[in-house]
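Residue numbers (the working numbering), protein chains in the order written: chain A, 1 to 204; chain B, 1 to 204.
Calculated directly from the structure, the hints in this document are not laboratory data.
There could be a bad hint or two in this list.
Said to hold, decoys possible - Straight-line Cα separation of at most 30 Å, DSSO-like style, residue types lysine-lysine; simulated pairs:
hint, chain 1, residue 1, chain 2, residue 2
1, B, K163, A, K56
2, A, K27, B, K56
3, B, K5, A, K13
4, B, K170, A, K5
5, B, K170, A, K27
6, B, K56, A, K13
7, A, K13, B, K170
8, B, K170, A, K170
9, A, K5, B, K5
10, A, K27, B, K13
11, B, K56, A, K56
12, A, K56, B, K170
Protein chains: 2
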Amino acid sequence: MLNNKFSSQLLEKAVTEIGRLPGIGSKTALRLALYLLRQEEGRVEALADSLVEMRKGIRYCRVCYNICDNDLCEICSNPTRDAATVCVVENVQDVMAIENTMQYRGLYHVLGGVISPMDGIGPSDLQIESLVERVRQGGVSEVILALSPTMEGDTTNYYIYRKLEETDVKVTVIARGIAQNDELQYTDEITLGRALAGRIPFGN
Amino acid sequence: MLNNKFSSQLLEKAVTEIGRLPGIGSKTALRLALYLLRQEEGRVEALADSLVEMRKGIRYCRVCYNICDNDLCEICSNPTRDAATVCVVENVQDVMAIENTMQYRGLYHVLGGVISPMDGIGPSDLQIESLVERVRQGGVSEVILALSPTMEGDTTNYYIYRKLEETDVKVTVIARGIAQNDELQYTDEITLGRALAGRIPFGN
């Protein structure tokens with residue numbers, strides 16, 4: 001739509017690069033570039049450096065595959081966390097979301113996605129084998145499946161469950177039900193059905 | 001709202017820097033940072049370099065104050081453009097918008113904003129004196145005011161008009177009327193009133 005005639009090739013290049021980011025259109029890219037032009041040189045360098053340093057320096061925890069700065073992430077290396085419980089999540093945002101609840105004291109295992117044949121993602125593209133190996137090595141008593149409640153998430157849950165059957169680890173899945181403050185009448189049938197089926201004694 | 005616990009300080013720093021950009025919230029910043037993490041190192045460096053190079057290398061045309069890579073912008077240094085006509089605009093996006101119409105063959109003068117006492121922007125913060133000086137030096141027969149049809153734009157138009165009165169340059173303002181494909185019944189009264197007052201002979 002926007003067939004810009006740039007008066008500066010430096011500006012055009014920056015707009016092109018910014019516009020390659022997901023969800024950033026050409027108009028937003030131009031707006032951001034012109035904003036950066038008005039900032040002090042040091043601020044633009046700080047932004048640029050932070051991106052390159054992150055990309056170059058980032059590592060994945062050798063135990064849970066969470067993003068971290070060292071060989072072992074802060075959660076895995078924290079002796080006060082419960083190493084016998086492993087929560088399986090899709091990505092690093094999910095780790096953050098669960099950490100923000102302050103309700104979980106165990107460790108994680110970041111799969112890096114879910115099984116999705118439509119997107120060409122199979123079990124071997126994910127950290128499933130490493131999870132099974134981690135459980136096999138002992139010390140883990142419970143694996144909590146905390147994937148998204150989608151078909152892909154359910155498929156992945158089932159795949160992991162079957163893989164872990166050979167071990168004697170307890171496999172649980174996070175509760176599905178109506179969300180806090182949701183209105184019952186607007187809740188979809190599957191969620192409401194699951195919430196009924198998964199009812200627990202009052203006062204728990 | 002999002003009180004993220006980052007497992008990586010490198011990631012946290014990048015998210016903080018990205019989140020400083022206007023219109024980019026903390027969730028979008030995290031999404032962009034994680035996207036960049038998945039890209040090849042060269043791509044992240046290309047983005048970072050383009051920002052720093054733009055900020056360091058960009059210059060403003062000494063005649064029209066448009067953004068450019070040299071001392072004189074491509075438009076001002078183009079001998080086929082009509083140097084006797086100068087179109088006054090607020091910023092570089094407006095130059096692009098007018099260039100995209102392919103209807104204008106004259107030169108520009110980029111003010112860098114409009115007079116806005118509420119934002120503390122006075123005439124001396126804008127390239128108005130340089131415009132007057134440019135006209136005084138001769139060779140300009142028409143100054144076209146193409147600022148936004150807002151109170152600030154109108155104030156700036158009037159200020160420039162008064163400043164140019166001492167010269168014998170012709171000062172015009174771009175037409176205001178109903179926009180192409182706008183529905184008459186939904187057009188506001190001021191616009192419709194101006195469109196009526198500014199009517200021209202049919203067939204022009």
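Could you tell me which of the hints above the structure violates, numbers in ascending order? 1, 3, 5, 7, 8, 9, 12
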